[in-house]
Each structure stands twice: as C-alpha cells, then as structure tokens.
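> Please construct the entire structure, taking both the sequences and the accompanying hints into account.
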Amino acid sequence: MAATSTAPLANAPWRRYLRHPMFLTGAILCLSVVLLAVFADLITTRAPERTRVSQAFTPPGESYLMGADNLGRDVWSRVAFGSRVSIAIGFATVVLAGVAGTLIGLLSGYYRKLDEPLMRAMDALMSFPAILLAVGITAALGPSATNAVIALAVVYAPRTARIVRASTLVLREMDFVAGARAAGATDARILLRHLLPNCLGPLVVQLTFVFAYAVLAEAALSFLGMGPPPPAPTWGNIIADGRDYLREAAWICLFPGMAISITVLGLNLLGDGLRDLLDPRMKIQES
Amino acid sequence: MGAFIVRRLLVTIVVLLLVSLISFSIMQLVPGDPAVVMAGLAATADQIQAIRVQFGLDKPFHVQLVRWYAGIAVGDMGQSMTLGRAVGQALIERLPATIGLALVAFAMTIVIGLSAGILAAIRQNTWIDQLIMTLAVVGVSVPSFWLGLILIIVFAVTFDLLPAGGYVAFAQSPRDWLVSLLLPAFSLALLQVGLLARITRSAMVETLRQDFIRTAKAKGLPTWMVICKHALMNVMVMVVTIIGIVFSLMLSGSVVIETVFSIPGLGRLMASAILTRDYPLIQGGLLLTAAMFVLINLVVDVLYAYLDPRIRYD
Chain A
1 MAATSTAPLA NAPWRRYLRH PMFLTGAILC LSVVLLAVFA DLITTRAPER TRVSQAFTPP
61 GESYLMGADN LGRDVWSRVA FGSRVSIAIG FATVVLAGVA GTLIGLLSGY YRKLDEPLMR
121 AMDALMSFPA ILLAVGITAA LGPSATNAVI ALAVVYAPRT ARIVRASTLV LREMDFVAGA
181 RAAGATDARI LLRHLLPNCL GPLVVQLTFV FAYAVLAEAA LSFLGMGPPP PAPTWGNIIA
241 DGRDYLREAA WICLFPGMAI SITVLGLNLL GDGLRDLLDP RMKIQES
Chain B
1 MGAFIVRRLL VTIVVLLLVS LISFSIMQLV PGDPAVVMAG LAATADQIQA IRVQFGLDKP
61 FHVQLVRWYA GIAVGDMGQS MTLGRAVGQA LIERLPATIG LALVAFAMTI VIGLSAGILA
121 AIRQNTWIDQ LIMTLAVVGV SVPSFWLGLI LIIVFAVTFD LLPAGGYVAF AQSPRDWLVS
181 LLLPAFSLAL LQVGLLARIT RSAMVETLRQ DFIRTAKAKG LPTWMVICKH ALMNVMVMVV
241 TIIGIVFSLM LSGSVVIETV FSIPGLGRLM ASAILTRDYP LIQGGLLLTA AMFVLINLVV
301 DVLYAYLDPR IRYD
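Chains A and B are the protein sequences, given in the same order.
For reference, each letter of the first sequence is one residue, going 1 to 287 in this note's numbering.
For reference, each letter of the second sequence is one residue, going 1 to 314 in this note's numbering.
Please note that a few of the clues may not be correct.
Stated by the list, open to error - Simulated restraints on C-beta separations: (1) H62(B) x L35(A): 51 to 57 Å; (2) T158(B) x G142(A): 36 to 42 Å; (3) L182(B) x E62(A): 36 to 42 Å; (4) F176(A) x L182(B): 52 to 58 Å; (5) L35(A) x T134(B): 20 to 26 Å; (6) F176(A) x R123(B): 42 to 48 Å; (7) W224(B) x A185(A): 56 to 62 Å; (8) L17(B) x V34(A): 39 to 45 Å; (9) V240(B) x F176(A): 37 to 43 Å; (10) A70(B) x V38(A): 52 to 58 Å; (11) L21(B) x V53(A): 48 to 54 Å; (12) I43(A) x T134(B): 26 to 32 Å; (13) L103(A) x I242(B): 26 to 32 Å; (14) P230(A) x T158(B): 25 to 31 Å.
Claimed, not checked - Computed footprint of chain B on chain A; a stretch qualifies when at least three of its residues, placed anywhere within it, have a C-beta under 8 Å from a C-beta of chain B: (15) 127-133; (16) 246-252.
To be verified - Which residues of chain B face chain A? A partial, calculated answer using Cβ under 7 Å: (17) V19; (18) I22; (19) V30; (20) S141; (21) T241; (22) I245; (23) L251.
Derived from the structure by calculation, the hints contain no laboratory data.
On a predicted model such as this, the values are computed, not experimentally measured, just so you know.
By construction, the Cβ of each residue, glycine as well, lies at the ideal position given by its N, Cα and C atoms.
Right, here's the structure in full:
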C-alpha cells in the first residue's frame, strides 16, 4: 500500500528529465520567464509606469532596448514587469482550477450518484467558448487581476475535473482500493491518500497546459480591457496600447507578443515533455 | 441506434437547461445592483429605477429565472441595453460575418492541418516531421490577436497586399469577401492548425501500424493510394469528433480577432457589449454560442455513432 501511494513524480530519476529535449527546452524557457519576473527590478532602469513624452516612439536601441511607447514609457521595463502579472495570474488560476477540478473529479469518479449531476454541470460550463465565458464573468465581476483568476478558474476547472475523474474511475476498481477499504480506511482517506496520489501524473500534465491556456487567455482578457486595469503593465495591455501605433511604432506590440509566445511555448513543451515522461502509455498513443 | 439517440437527446436537453442557467447567472454575479452599473455614473435615481423595472431586476430571483426560461422558449432573449433592440435579433444579424470567418478559417485548418499532419506521419522521425511538429507547437503558443497585428504590419502596412481590416459581405462581392477574410481567418486558424496537425500525425502513425495497411501494401497498392483510401478514412473519423471543439475555439478567438480586424460579427459585438456592460446582450451571446456548440456536438456524436457502431454501446 505504501508503494502505491507514492507519486510517480518521485520515482522518476532527474537525469531522465534532463535528457528529454522537449522537457529541457520547455524548462529553460519557463525558467527564463520566471527569472525575468523575479529580477524585473534589477534588470530594468526605468519604472514601467513612468512616462516621458519627449522620448515617445523612441525606436529600440541602446537607451531603450525595446523602444518607447506613445507616452515615452520603456517597453522593455513594461514587458519585464508584465511577466509578473502573467505568471501570477497563470499560477493562481492553476492553483484554483487545480484544487476545484481535482475535488470535483475525485468526487464524481468515486461516488456514482454524484457523477451524472457533476459531469453534466461540467459539460455545460465547457460548452461556452472559453474566452467568451471568461470575459462574460469578468464583465460582471469587474475587471481586476483577482476577478480574471476567478473567471479563468471557472473556465479551466471543468477540463481538470474530467482528467481526474477519468483516472479515478479506473483506479477505484483496483485491488489496492479494495484493500484500503477492507483495512477500514474512510472514504476521505481513500480519496486523498490512495486515489489522489495516483492521479498526480495526468493532473500535473493537465495543469501545465492550463497554465499555458491561462497565460494566453489572460493576455486576450487584458487586450479586450478586462484584465488588471491600466496603467498596470500586462502583456495584453501593452499590445492593446500599441495597436493604434502599428504603422509608426510596431515594436510596442511586437515584444510583449513575443514574451507571451515564449512563455506559452515553454509551458506547452514542458507539458508535452512531462506527458512523455510521466505516462509512457500516452506516449505510445501520441507518437 | 434509436436508444442511443434518445439518451443523447436527453443529455443534450439537460446540458442546454444548465447552459441557459449559467448564462442567466452572469447578471447575478454583478456585485451590488446591476441596474446601477448598467445605468452608468451619471444616472439619476429615476433612471436607475426605470432600468430595474425594464429588465425585471425589481422582481425576486425565481420570478426573473422563470421569465428568462419562458423568454428563451419563444426565442426571446430580452432587450439590449445599448442597442435598444431585441438581443436575439442583434445577435442573428451579426452571425453571417462570424460564420463566414469561421468557415474560411475552418477550410484553412483542414487543408493545412491535415496535410501537415499526414506529411509528418509519413516522414516520421525525419527532419520534415520534426520541423512540422515544431511549427505545430509554436502555432498553439502564439496569441491569435498578436499574430493578427503582426500579419497587418507585414501584409497591409509594409507590402500593402491585403486590407488591414474591414469586411465585405459575400453577396456584395465573393472575391472581396474572401480577400477581406484571409488575414483574420489565418490568425484565427493557426491554433487549430497546430492542434489538428498534432492529432492527425498521431492518428496517422497509429493507423499506418495496423494490419490492414500492411495487407494493402502487400497487395501491391501504391503508397499514395494506401494513404488516401485506407489510412485517411480512419483519420477523418477522428477529425469529425473534434469539429465541435474546433468550432468552440474559433468562436472564442473571434472575440479578439474581430476586434483586431474590425469585422462586424458576433465576437466584436460581444467585445463591445462587455465594455458597455450590456448584460442582456452578454447573456444572449453566451447562450447562443454555447447552444450552438451543444447542438453541433449532438450532431457529431450521432454521426460518429452511425459511423462507428462500438460507440453506441458505450
């Protein structure tokens, strides 16, 4: 019983991870974005909100690495500080959607009576186009970082619940669960100590992709004016601001978009790599 | 088959009821009084009260809910705040542009995604495969609205080859219609192209391993025929199952893409409804798009069960 409750994560030797090109590339990309967020203060010379109209539309060069925007704000500084918002919102969404989705998935997979109502509710939530539901919710709650997280969690929790439910359905029929039950384990103990750890592999993979979707969706939300309100720098905000100056100052849009793409690419590669490494069965299906 | 359809229909009805409940609940999420938010900052108490009465916000929750369902039953989704007209009418009017955009994007997705996926599968583990799969993962990582802006910079601003935005109705000029949709459709399609290429490749690789493919090859059929006649059919069945998801992703993307390219479709209507806090319009738009998704999935599932009898006994 002890062996079965060990997460597959813990079993994998780290060398295997480092030898996997997709995982490694993804990890390096993600790490660079995290470093950018952590050291944003140190690697920029101007505050992201500081305007200096005389420097407006300075092209990328020595003094302004990524150029200046229409108000003379430093695009590099805004992109660097914007990474904090993207990572924070993405991570918070992963935590919230992860906890809610896992709980719903476990309950729905374990208790047959809860399965129908819970899964139909998840189906209903997943019927809405993701961005549309997220902007609808933030339009009601009001645009802010917290509300963006709530909206994105509502959108992505059902997708997580489905994955956990699928694993739980298979696991609950296994001998070790019957064994635990025979040994007098309560349902809560079976769910959390026996089923949950065995769902972790697919769950971690799924949450990596949720992180990627959340970064993309947050950018779209900000772009539409439903993210953290300006002048807070978010990648979506910066692109929305630069949209009116495509002709004369394309760099305002160019760099934040590259930052989004690199982050999401890193997370997608990390997710693909983790899927190969944690679940060899899926690799056979995929390749 | 009959029993399967009946069961599937019942589930659809339940999901549709839940979908409309969720759409309805959007207004309930507004902190404080939605009438105050909708009326705007300059509104007087009388104006707020008028809005409250007009949208039935003065009634208890259950009365509002019954009204909402009763309205939907006869196709009435209420009145738009900002447009001063029926929500249903406003949405339907905007539908052709969005469907046109989705159709062109869908055609691009199928043509590019399928051929890239098949090519990668045939040339499995060569540099072509690696290049296509790298492009596919980049494709699913680039934000569509940003891609749209970059395409505008390249094709409209720099080379002046395609319009930077705007929309021409199909009836007016089919050629201009297509030209006006090329850039937005490609921006919208790239994500799905990446997804489809990846799915097609794995389905194809799986299929090419099957015995019947070996038999076909052993019979001496040329490779292209083995792929087109035997393997592709199998892959197509798999593609059918993701049509609903592709459609949903496109509606999602249309909100930003139609904003970027100034296309008068459903997505842009929703984007402006959100900024003006036009809750009835937001509710209607959510309901309409989700209902379309549910119905498309119903059709897809029934088709799929018809094509593959194993599904019926699930």
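> Please name the hints from earlier in the document that this structure breaks, with their numbers sorted from lowest to highest.
Numbers 21, 22 - these are the hints that the structure violates, sorted from lowest upward.
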